[in-house]
Amino acid sequence: GAGVSQTPSNKVTEKGKYVELRCDPISGHTALYWYRQSLGQGPEFLIYFQGTGAADDSGLPNDRFFAVRPEGSVSTLKIQRTERGDSAVYLCASSLDPRAGGQETQYFGPGTRLLVL
Amino acid sequence: AQRVTQPEKLLSVFKGAPVELKCNYSYSGSPELFWYVQYSRQRLQLLLRHISRESIKGFTADLNKGETSFHLKKPFAQEEDSAMYYCALSGQAAGNKLTFGGGTRVLVKP
Chain S
92 GAGVSQTPSN KVTEKGKYVE LRCDPISGHT ALYWYRQSLG QGPEFLIYFQ GTGAADDSGL
152 PNDRFFAVRP EGSVSTLKIQ RTERGDSAVY LCASSLDPRA GGQETQYFGP GTRLLVL
Chain W
15 AQRVTQPEKL LSVFKGAPVE LKCNYSYSGS PELFWYVQYS RQRLQLLLRH ISRESIKGFT
75 ADLNKGETSF HLKKPFAQEE DSAMYYCALS GQAAGNKLTF GGGTRVLVKP
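Note that the protein sequences, when read in sequence, are chains S and W.
Position in the first sequence counted from 1, then plus 91, gives you this note's numbering.
Position in the second sequence counted from 1, then plus 14, gives you this note's numbering.
Pulled out of the complex, with its shape left as it was, chain W reads as follows:
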């Protein structure tokens, strides 16, 4: 069975400091990994996916198959980054459904 773990419920950082959100997964096969974000009073939206290998809003994430991790990083956090972040997994064996982690709330203080 597939599983996504986000060990931190809350991350509090100061503006301009680096931020890293941890995500570990278990999956039999080749997964697709995603980060979704939910800003206050907005709907859940895709932030980035590992196959795109792009940086969105200064965030990057690298899939490490050896460590089964997909950590999200940003070198300089901004106040507008305050939100809920969810790591999610999908793949052939999982069909097309997304399996989400429990989420990490990021609070960027001025």
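Same shape as in the complex, but just chain S:
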């Protein structure tokens, strides 16, 4: 079946602008994760959704970052007043419900490469 998809694949914006990044998880996956990967580093956790609610948003760097998942499927990561330091690859992953009994495998999307000029 189809894997996790993310759009756009690349986004170039100017400092101060607003951007939205979209993630389509694997059908049936109730858990959805956002990570950010800066150049030369490993992915860093941003936020985790279980269904429609954010179960853990401890990784969001500040209040310019916000994410939603209104129907428990597609998720949108929103960044306000973008800064050059926000430039990175934003990764989305989904999994089956990890609460059932241990860690479920997270399946990653191809990422959105964001460049803030």
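Check the hints yourself; a few may be wrong.
What the hints assert, rightly or not - List time: in silico SDA-like cross-link candidates among lysine to any residue, alpha-carbon distance up to 20 Å:
{"#": "1", "chain 1": "W", "residue 1": "K79", "chain 2": "S", "residue 2": "G131"}
{"#": "2", "chain 1": "S", "residue 1": "K102", "chain 2": "W", "residue 2": "R57"}
{"#": "3", "chain 1": "W", "residue 1": "K36", "chain 2": "S", "residue 2": "G131"}
{"#": "4", "chain 1": "W", "residue 1": "K71", "chain 2": "S", "residue 2": "T196"}
{"#": "5", "chain 1": "W", "residue 1": "K36", "chain 2": "W", "residue 2": "K79"}
{"#": "6", "chain 1": "W", "residue 1": "K23", "chain 2": "S", "residue 2": "E135"}
{"#": "7", "chain 1": "W", "residue 1": "K23", "chain 2": "S", "residue 2": "Q128"}
{"#": "8", "chain 1": "W", "residue 1": "K36", "chain 2": "S", "residue 2": "Q132"}
{"#": "9", "chain 1": "W", "residue 1": "K36", "chain 2": "W", "residue 2": "H64"}
{"#": "10", "chain 1": "W", "residue 1": "K79", "chain 2": "W", "residue 2": "I65"}
The hints are simulated quantities; they were obtained by calculation from the structure and are not laboratory data.
Given chain S, put chain W in place with the hints provided.
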């Protein structure tokens, strides 16, 4: 706080030689450890996890709680093993999020 360290940024080996990627972690509790791999122009994918205790593509990894390590090994490297490898940790105290190391690039030369 949980932390994953991969001390080598780059490992270059010849085809047929053994390869070992080091991973050390810090975590309060019982962690789950993973190795993820990213081949050129492909997405990040799970290679193996310690609870499975299986060998994938000839790779194995043993969790050593005394040394807080989860090193990845392969006795005979192949050119198709060239990729970025990330060690990652999760556990009850960390919720379900993955904490990744900085990654090791493996280059297998012919």
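Tested hints:
no.: 1; hint: K79(W) with G131(S); verdict: violated (28 Å)
no.: 2; hint: K102(S) with R57(W); verdict: holds (18 Å)
no.: 3; hint: K36(W) with G131(S); verdict: holds (17 Å)
no.: 4; hint: K71(W) with T196(S); verdict: holds (18 Å)
no.: 5; hint: K36(W) with K79(W); verdict: holds (14 Å)
no.: 6; hint: K23(W) with E135(S); verdict: holds (17 Å)
no.: 7; hint: K23(W) with Q128(S); verdict: holds (16 Å)
no.: 8; hint: K36(W) with Q132(S); verdict: holds (16 Å)
no.: 9; hint: K36(W) with H64(W); verdict: holds (14 Å)
no.: 10; hint: K79(W) with I65(W); verdict: holds (13 Å)
Violation of the numbered hints given earlier is confined to hint 1; every other hint is satisfied by the structure.
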